[in-house]
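Colleague: The chain contents come next:
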Amino acid sequence: MKANVMMKTLSLAVLGLVGVSFAGASMAQCPTNPAAPDGPWSSKSVLGGSIAITSPGLNATTCKMDASITSTAFGSAFVRDNTPTAETRYRAAFLVDVDALTGLNSIQSVRLLSVNTDTPYLGITEALRVSVSGNLAGTAKVLGIVAGCEGQPSNLCSNTVALPATGTQKVQIEWVKGAAGVVRVWLNNNTEASPNLTLNGNTNGWAVDFATMGLSNPSPNFRTVQTNRVVKFDEFDSRRTTFIN
Amino acid sequence: MKNNLMAAVAVAIALFGGQAAAQTCANPLPIVSNVPVSGDTCTAANSLPSYGGTTSAQNEIVYSFVAGPTPPTYGDLLIAQTGGFAGSAGGVFLLPACTASTDPIAFGVVGAPLSVSTSGITPGQTYYVVVTADPGGPAAGCGQFTITPGYLPVSLQKFSVE
Numbered sequence: 002m003k004a005n006v007m008m009k010t011l012s013l014a015v016l017g018l019v020g021v022s023f024a025g026a027s028m029a030q031c032p033t034n035p036a037a038p039d040g041p042w043s044s045k046s047v048l049g050g051s052i053a054i055t056s057p058g059l060n061a062t063t064c065k066m067d068a069s070i071t072s073t074a075f076g077s078a079f080v081r082d083n084t085p086t087a088e089t090r091y092r093a094a095f096l097v098d099v100d101a102l103t104g105l106n107s108i109q110s111v112r113l114l115s116v117n118t119d120t121p122y123l124g125i126t127e128a129l130r131v132s133v134s135g136n137l138a139g140t141a142k143v144l145g146i147v148a149g150c151e152g153q154p155s156n157l158c159s160n161t162v163a164l165p166a167t168g169t170q171k172v173q174i175e176w177v178k179g180a181a182g183v184v185r186v187w188l189n190n191n192t193e194a195s196p197n198l199t200l201n202g203n204t205n206g207w208a209v210d211f212a213t214m215g216l217s218n219p220s221p222n223f224r225t226v227q228t229n230r231v232v233k234f235d236e237f238d239s240r241r242t243t244f245i246n
Numbered sequence: 117m118k119n120n121l122m123a124a125v126a127v128a129i130a131l132f133g134g135q136a137a138a139q140t141c142a143n144p145l146p147i148v149s150n151v152p153v154s155g156d157t158c159t160a161a162n163s164l165p166s167y168g169g170t171t172s173a174q175n176e177i178v179y180s181f182v183a184g185p186t187p188p189t190y191g192d193l194l195i196a197q198t199g200g201f202a203g204s205a206g207g208v209f210l211l212p213a214c215t216a217s218t219d220p221i222a223f224g225v226v227g228a229p230l231s232v233s234t235s236g237i238t239p240g241q242t243y244y245v246v247v248t249a250d251p252g253g254p255a256a257g258c259g260q261f262t263i264t265p266g267y268l269p270v271s272l273q274k275f276s277v278e
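So the protein sequences, as listed, match chains W and S. The numbering used here puts the first residue of the first sequence at 2, with every later residue one more than the last. The numbering used here puts the first residue of the second sequence at 117, with every later residue one more than the last.
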């Protein structure tokens, strides 16, 4: 894989149909399984959760992935991409719709995207994670961004980005390894020079070896209150450096 | 007189200096039954960047107690905002361990106390009471607060007769 080229494009609209025109595509063209050998993802984890490929997609596309936590005891419903290999720069973008998570409050959280290393550093496996949770009143939602940051409290950097009240959200992240590393987040924002959030810190101990998209690490209160509520995903794309429009 | 004054200053430094340091997971402040505690998260630090999956970029002050034998009922933890928290709100979280990877098991806000009784706590276990601004609000959110605990029985750690 060459530097600065597209690492992976995994539009769920074209699951199993890469390179094929899908004008007028029907649900029959959506694979039932997003993971290999049927779909483009390396694998999936569905334990106390559910993944379904449904039609239509979120952006005039054909298919999307619906994920939900179905157990109050535990839960995972995500797909995994093993394409990255010790990456020192990593970008990913995806569409997500969390409208079904009504009343989400501050102790109801779930991961949407997890960017990981195969060699944990300081006991931390996630170079970066994107979660969704609510405010104290349960009236607004935020994306929580947490990155490995050596030297900071708990060796983590964190902040949030407020989500619009409803609708499909386009999330893009960039992770850059370095003693003066950086994490940037764009939300419904195609201006590369103006990310919605920037975290600066020492990310030098981590690299990116795989990523997961879907629902994982639901908090106990999320499992109790948000059981069976569907979060929709579409148009995942990951690269090394190029901004994803 | 001079010695008394110096001693008083030394005591004050010890008390307030200790208080400033003793409000994180490493050295939480005590919280006991029916004794209100007050603080200012604006002068604290963001020692916990997350509470499990909940991102928390706001400053926090950490208290702890060891749950005693199961009583008829535990009291609630009431939070009152006494200043600040502009554009945000004060909140109190109950954590079974004080780490950035621990999800809260309950929370309270002004007008909706944290119910310890319904949090499923285990007698003998240490719990952490974390006071902060709304994690769903601005990172700079902070303010002054008073927590009024109800009945929080504590375990007997040592006992001796001399």
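I should point out that these hints are in silico values taken from the structure, not numbers from a laboratory. Heads up, the beta-carbon is just placed ideally off N, CA and C, and yes, glycines get one too. A portion of the hints provided could be inaccurate.
[To be verified] Among chain S residues calculated to face chain W with C-beta under 8 Å, some are:
| # | residue |
| --- | --- |
| 1 | Ser149 |
| 2 | Ala173 |
| 3 | Gly252 |
Colleague: Compare the structure with the hints numbered earlier in the document and write down the numbers of the violated ones, lowest to highest.
Modeller: 1
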